[in-house]
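Asker: Listed below are the residues making up each chain.
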Amino acid sequence: MNPAPSVILFTVLSGMGFGLLAFLGAGFVQPAGWLAFAHWGLGYGLAVGGLTASTFHLGNPQRALRAFTQWKTSWLSREAWAAVLTLLLLAPVALSDWLGLGWPRQIGLVGAVACFGTVFTTSMIYAQIAAVPRWNNWTVPAMFLSFELTGGALLSGQTLPALIGCAALIGALYAHKTKGDVAFAKRGQTLGKATGLDIVGAASVFEQPHTSPNYLMREMIYVVARKHVLRLWPIAFGAAAIVPAVLVTVLPSHPLTFALAGVIHLSGAAASRWLFFAQAEHVVGLYYGQRQL
Amino acid sequence: MTQLPTHTDKKLGLVIDLDTCVGCQACVTACKGWNDQGYGAALSDQNPYGSDPSGTFLNRVHSYQVQPDVGAAQIVNFPRSCLHCEDAPCVTVCPTGASYKRTEDGIVLVNEDACIGCGLCAWACPYGARELDQAVGVMKKCTLCVDRIYNENLPEEDREPACVRTCPTGARHFGDFADPESHVSKLVAERGGYDLMPDLKTKPTNKYLAPRKKDVPQETSLLAPLLDIQTTGFAGWLDKVLGKLG
Chain A
2 MNPAPSVILF TVLSGMGFGL LAFLGAGFVQ PAGWLAFAHW GLGYGLAVGG LTASTFHLGN
62 PQRALRAFTQ WKTSWLSREA WAAVLTLLLL APVALSDWLG LGWPRQIGLV GAVACFGTVF
122 TTSMIYAQIA AVPRWNNWTV PAMFLSFELT GGALLSGQTL PALIGCAALI GALYAHKTKG
182 DVAFAKRGQT LGKATGLDIV GAASVFEQPH TSPNYLMREM IYVVARKHVL RLWPIAFGAA
242 AIVPAVLVTV LPSHPLTFAL AGVIHLSGAA ASRWLFFAQA EHVVGLYYGQ RQL
Chain B
99 MTQLPTHTDK KLGLVIDLDT CVGCQACVTA CKGWNDQGYG AALSDQNPYG SDPSGTFLNR
159 VHSYQVQPDV GAAQIVNFPR SCLHCEDAPC VTVCPTGASY KRTEDGIVLV NEDACIGCGL
219 CAWACPYGAR ELDQAVGVMK KCTLCVDRIY NENLPEEDRE PACVRTCPTG ARHFGDFADP
279 ESHVSKLVAE RGGYDLMPDL KTKPTNKYLA PRKKDVPQET SLLAPLLDIQ TTGFAGWLDK
339 VLGKLG
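Listed in order, the protein sequences are those of chains A and B. Read in the numbering used here, the first sequence has 294 at position 293, and its numbers run on one by one without any break. Read in the numbering used here, the second sequence has 138 at position 40, and its numbers run on one by one without any break.
Excised from the complex, chain A in its bound form:
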């Protein structure tokens, strides 16, 4: 699939933002005054910024409000609702922290759970797609939620949750990679099966249906160079989980430590999300002979 910057920014930033909001809502860190404004502002900024980035790839963003109508069947619509409700739910807690209103924090706990629920709906937008075997399994929500946990813990300066998050993330990334690498082959789809021509013989492409790439090929038949994959996966593991875990363990527990770990984690998250899209093979590629393994 085409690793468009808008969807990478959307999933990475909103995941991290909702992670931070979850930790703030649950009261792991309870800043006051302008410090609270900065914390909550960063959380809201990342979440809303990510959601805004997701509208960049829309053909008609002016109709985006319609995306709230089909929550009964569409994970994208559910995500829209979950995101807005979560942001509204946490607003009183954020205001109370900022302005020192001393309002009860119980709703913050509900909001924290809702933050994870929102990122789960984001992950299901991808995990539901049977036509992309690499995505169509549980490792996608596991990976998205682990990123949320790690990012939130790092940005809110929580050492132990950050270490737990990094461990979960290594596991989830490993599961997603190993399961994903064989997912297409395991589905057993070939050009012969997709066209039904295997009952005649061994099928291969004789001539493409058009002479230059079309929307399908640009959007769903992205072919990534193997050397880039081999380089990027270690970067993803290292920057997203291993280096941040080492930093928060070795360096003193200081905001600068977490800021450094957070920035490195963000770059790792972006690398892994690029791979998440670029490596995902859509079965339509079979018809173009682009999925011969």
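Careful: at least some of the hints might be erroneous.
As the list claims (entries may be wrong) - DSS-like, lysine-lysine: derived pairs with alpha carbons at most 27 Å apart:
id, chain 1, residue 1, chain 2, residue 2
1, B, Lys299, A, Lys180
2, A, Lys194, B, Lys312
3, A, Lys194, B, Lys299
4, B, Lys311, A, Lys194
5, A, Lys194, B, Lys284
6, B, Lys311, B, Lys284
7, A, Lys187, B, Lys299
8, B, Lys299, A, Lys178
Claimed, not checked - Simulated restraints on C-beta separations:
id, chain 1, residue 1, chain 2, residue 2, range
9, B, Lys301, A, Ser213, 25 to 35 Å
10, B, Asn249, A, Lys228, 52 to 62 Å
11, B, Lys312, A, Arg232, 47 to 57 Å
12, A, Pro6, B, Glu288, 22 to 32 Å
13, A, Trp82, B, Thr201, 56 to 66 Å
14, B, Tyr137, A, Pro6, 42 to 52 Å
15, A, Gly239, B, Asp117, 51 to 61 Å
16, B, Ala140, A, Thr212, 17 to 27 Å
17, B, Tyr137, A, Ser213, 19 to 29 Å
18, A, Ala203, B, Arg289, 19 to 29 Å
19, B, Ser161, A, Trp82, 37 to 47 Å
20, B, Pro296, A, Pro32, 53 to 63 Å
21, B, Gly148, A, Ala39, 44 to 54 Å
22, B, Gln144, A, Pro253, 52 to 62 Å
Rather than coming from a laboratory, the hints here were simulated on the basis of the structure. Owing to the predicted nature of the structure, the values given are computational and were not obtained by experimental measurement. Glycine is no exception: its CB is placed at the ideal position from the N, C-alpha and C atoms.
Starting from the structure of chain A, add chain B where the hints point.
Answerer: Relative to the frame of chain A, chain B by itself:
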């Protein structure tokens, strides 16, 4: 609404005969032509006369080479368009309700006024049946020429999809699969019409007919017995005598 209907009164769709398709691309052109002027936004082209032409099409014809275990390789032309699936994954993923499947005839359509152009339906379709129009930013797909098949302003023989109407070899057939007596249902029964990627459980309405088995070429000519001329009568006597002389 993007909830799929539990039942459709008709199941309109196509049968595509891979045995007779010659890959002339007339269906591609007819489809593009018809859908440039009627239903919804016109199918646009980008840089159509330049070095890198590209555009929106609702129907594409692939060409495959198929090598049987014995005998010569065959060319099979393979038209690919929306299959109007019963369990259409493109419909349920739509966040706005723009994608829908009609209860009356099972046609899968896009309400372009409600489409935000997110592209998720194109991702969800295993068959590559949907293309986002780059000029208007809405999703385009085969409408089964819904503006032809019920159009009483057209002569009756034209009330079928443009691709079917134009096909010079009769490789495309249009009809109601819910009716076991329709000619498409009979064709599927006779020729073993099959679904594309049935394991994805989309239950396509459109069916494909496999190329028929080729005849085995005969080693000896049908005319061989005629070449073995046996002379009789005077010619036979002459033949015998001349043979002795030689």
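Asker: Does the structure keep Lys299/B and Lys180/A at a Cα separation of 27 Å or less?
Answerer: holds (22 Å)
Asker: Determine whether the Cβ-Cβ distance between Lys301/B and Ser213/A falls within the hinted range of 25 to 35 Å.
Answerer: With Cβ atoms ~33 Å apart, the hint holds.
Asker: Below or equal to 27 Å on CA atoms is what counts here, so check Lys299/B against Lys178/A.
Answerer: holds (26 Å)
Asker: So does Gly239/A sit 51 to 61 Å from Asp117/B, Cβ to Cβ?
Answerer: holds (56 Å)
Asker: Going straight from one Cα to the other, do Lys311/B and Lys194/A come out at no more than 27 Å?
Answerer: Holds. Lys311/B to Lys194/A sits at ~18 Å (cutoff 27 Å).
Asker: Within 37 to 47 Å or not, the Cβ separation of Ser161/B and Trp82/A?
Answerer: holds (46 Å)
Asker: Within 19 to 29 Å or not, the Cβ separation of Ala203/A and Arg289/B?
Answerer: For Ala203/A and Arg289/B the Cβ distance comes to about 22 Å; the hint holds.
Asker: Mind checking the hinted window 17 to 27 Å against the Cβ distance between Ala140/B and Thr212/A?
Answerer: holds (22 Å)
Asker: Cβ-Cβ distance between Tyr137/B and Ser213/A: within 19 to 29 Å?
Answerer: For Ser213/A against Tyr137/B, whose Cβ atoms are near 26 Å apart, the range 19 to 29 Å holds.
Asker: So if I understand the rule, the pair passes when the alpha-carbon distance is 27 Å or less; does Lys194/A with Lys284/B pass?
Answerer: Judged against 27 Å, a Cα distance of about 24 Å means the pair holds.
Asker: Straight-line Cα separation of Lys311/B and Lys284/B no greater than 27 Å?
Answerer: holds (20 Å)
Asker: Given a hint of 52 to 62 Å, does the C-beta separation of Gln144/B and Pro253/A actually sit inside it?
Answerer: holds (56 Å)
In summary, the numbered hints that this structure violates are 12, 13 and 14.
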